[in-house]
Amino acid sequence: MAGPAEPRDVLSKADLLQRRLGADLRDRMVDSIYTDAGDLSRRFVTVSRDRRTDYDRALDRIITSRIFGLPLMFLGLVAVFWITVAGANVPSSMLANALFWVEELGASLFDAIGMPWWLTGFIWHGTFKGLAWVIAVMLPPMAIFFPLFTFFEDLGYLPRVAFNMDRFFKWAGAHGKQALSMSMGFGCNAAGIIATRIIDSPRERLIAILTNNFVPCNGRFPTLIMLATIFVGTAVPPALASFAAAGTVVMVVVVGVVMTLLVSAFLSRTVLKGEASSFTLELPPYRRPNFGRILYTSMIDRTLFVLKRAIYMAAPAGALIWLLSAIHIGDQNLTTILSTAFDSFGQALGLDGVIILAYIIAIPANEIVVPTILMAYTGATQMVDITGLGELHGILAGEQGWTLLTAVSLMLFSLLHNPCSTTIMTTWKETGSRKWTTVGALMPLAIAFAVCFLVANLWRLFAGV
Amino acid sequence: MTLDRTGIDHVVALAGNPNTGKSTVFNALTGLRQHTGNWPGKTVTRAEGDYLHEGLRYRLIDLPGTYSLLSASVDEEIARDFILFGRPDCTIVVVDATSLERNLNLALQVIEITDRVVVCLNLMDEAGRRGIAVDHEGLAAELGVPVVPTTARYGKGLDHLTAEVSRMVSGETVTTPRQLKITGDLSEALDELVPMIEDLHHDLPNARWVALRLLDGDYAVRQALLDGSIGELAGGDR
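Residue numbers (my numbering), protein chains in the order written: chain A, 15 to 479; chain B, 18 to 255.
Since the hints were made in silico from the structure, they are not lab data.
Do not rely on the hints blindly, as some may be mistaken.
[What the hints assert, rightly or not] Sample of chain A residues at the chain B side, in silico, Cβ under 10 Å: (1) 28; (2) 42; (3) 43; (4) 47; (5) 56; (6) 57; (7) 60; (8) 211; (9) 213; (10) 214; (11) 326; (12) 330; (13) 334; (14) 337.
[Stated by the list, open to error] Derived EDC-like pairs (lysine to aspartate or glutamate); straight-line CA-CA distance at most 20 Å: (15) B:198 / A:413; (16) B:198 / A:214; (17) A:27 / B:152; (18) A:27 / B:142; (19) A:27 / B:215; (20) A:287 / A:180; (21) A:27 / B:209; (22) A:27 / B:143; (23) A:443 / B:142; (24) B:59 / A:214; (25) B:173 / B:142; (26) A:27 / A:50; (27) B:173 / B:205; (28) B:173 / B:143; (29) B:198 / A:38; (30) B:198 / A:180; (31) A:27 / B:92; (32) A:449 / B:142; (33) B:198 / A:45; (34) A:27 / B:94; (35) A:443 / A:180; (36) A:443 / B:215; (37) A:27 / A:45.
Where a beta carbon is used, it is the ideal one built from N, C-alpha and C, also for glycine.
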């Protein structure tokens with residue numbers, strides 16, 4: 015070689031050699047690494063007995079079998095929600111009783127020391143009531159649901175879910191690991207979107223990000239559980255109530271998963287065209303769940319985290335709702351004026367004006383939608399004495415004229431509509447694209463409108479309402 | 018990727034597959050002296066912490082858990098770039114003794130990049146329960162780097178680990194890192210390219226790996242070669 019080499023010479027030499035070698039270089043390297051790792055482990059590892067692996071394999075033959083895999087998942091979900099629904103009712107009523115008692119006490123204390131009526135209203139019937147609703151409606155289901163969910167997670171079940179779901183995602187032209195990010199989404203959609211990092215292909219990762227919203231997150235489960243309990247649960251004999259409610263929540267979850275697959279399939283056949291890439295999924299051994307860790311993770315990381323966020327959002331929403339009901343224009347308050355304005359739009363979707371108003375107020379965190387709706391309904395009068403989930407049916411069905419259709423539409427809307435502000439922010443951070451963030455926010459909303467509109471009209475057509 | 022070394026005697030990177038007890042090793046070594054943040058420009062959590070050994074302060078950087086360093090996922094890129102450009106004085110690769118074959122894939126790739134590696138053979142208790150025995154001395158001889166069996170959950174073997182790290186950073190340990198077996202036209206291509214890279218940077222410990230990455234069209238490595246930062250890898254600490 016004449017003279018010392020320059021970096022550019024090295025690069026052009028590398029390019030030349032690269033063309034000569036062909037495209038399978040990466041595969042050959044991976045192959046060589048795997049062969050070597052295999053040789054080394056055969057030489058230095060001796061296995062005397064492996065009872066646990068045998069046991070794991072036998073278990074996996076059932077849990078990930080083509081025949082039993084999906085039904086077992088379905089049964090597991092029903093069981094989890096049944097325990098949640100059956101267990102949450104009583105503590106919910108007790109919490110509601112206690113907190114609304116505190117509200118009355120606080121309000122009468124304020125009255126007694128001569129505070130102006132608007133301050134009492136703003137603090138106790140607005141802000142505090144918002145908090146009370148959030149805690150009473152959300153805390154008990156979360157405190158039961160999260161430990162159960164974390165238990166399955168700790169057991170090592172989630173990778174099996176991905177395994178069972180793989181063929182569906184393959185059909186949809188999406189990555190099989192999307193089943194994992196989807197499962198994370200049940201915890202929190204923002205976390206699910208971060209979890210899509212395990213997907214290498216940018217195309218498939220984007221599909222996973224855009225569709226993560228279609229599985230209900232922790233924040234939305236309490237809404238679904240509550241609606242299922244008070245509308246579906248009361249529509250069947252009491253002995254079957256909690257089963258029917260749990261079954262309904264599972265149905266909603268199934269609709270969400272089907273929607274995930276349909277939208278993924280649509281995206282991968284239109285704007286994000288491509289083949290599903292293959293991958294190896296290793297099923298980790300089942301681990302004996304560590305109960306201390308389950309309690310810690312589910313209570314501190316999940317329940318308290320979600321509750322804290324909901325409380326931060328609910329307090330201002332409560333205050334806002336109170337203001338809307340306290341400010342009068344003419345002889346109507348703002349709540350009435352706004353909800354009347356939204357009413358025909360809401361009715362077209364099987365909802366009503368108050369629900370639309372509550373959704374607009376609750377955009378930062380849609381887990382507080384139901385508490386917001388309740389405050390909007392009850393806040394105006396301050397006369398209602400609610401003592402738990404049982405009485406909620408009275409308010410919603412009796413006074414506000416909700417039907418089963420309203421509940422179903424609200425569940426579908428809550429499942430499908432736009433992600434919360436945190437999730438939108440996360441989408442933006444992860445994609446770095448304004449365009450895809452907008453799509454991620456507005457596409458679900460459009461789908462929610464379309465589905466609710468369709469369901470409401472078909473329902474009315476067939477039910478003759 | 019570089020970091021502030023004020024007050025720190027040695028920087029140690031912690032690599033490993035997910036679920037190998039890497040975080041347990043990290044927590045056991047650093048205790049409460051840790052700090053979490055993000056990798057620059059990334060939304061991946063970065064944890065680092067200090068431990069003292071024989072009066073010297075070691076800064077331990079917990080790399081994202083990865084199965085390999087070859088693909089373009091964000092986590093793998095961060096781990097790879099830190100081992101390459103962050104120039105740790107030693108890299109601990111935590112491997113799961115119960116599934117050595119899969120874990121060795123990553124260890125072999127790390128050893129190909131840097132010769133200052135200590136393999137931490139973790140989850141030895143779990144391996145024992147399952148009747149799995151690993152000849153760690155034989156493995157160390159073949160890999161050409163120290164292998165330390167540990168059960169980080171119960172703190173077993175960690176003093177051994179820190180001692181090996183200390184011998185590695187002081188230069189007391191001489192490693193003979195295992196190289197990938199490469200044959201045929203790829204081997205011929207390496208024979209042509211490696212001398213050119215070595216000619217450019219004499220002391221580069223991993224010219225062969227750099228050549229492989231160039232042949233694979235690795236953008237970061239191409240850039241590093243162009244702007245000369247690859248050369249710094251050879252100088253500095255050695």
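Hint check against the structure, violated hint numbers in rising order: 11, 12, 13, 14, 15, 16, 17, 18, 22, 23, 26, 27, 30, 31, 32, 34, 35, 36, 37
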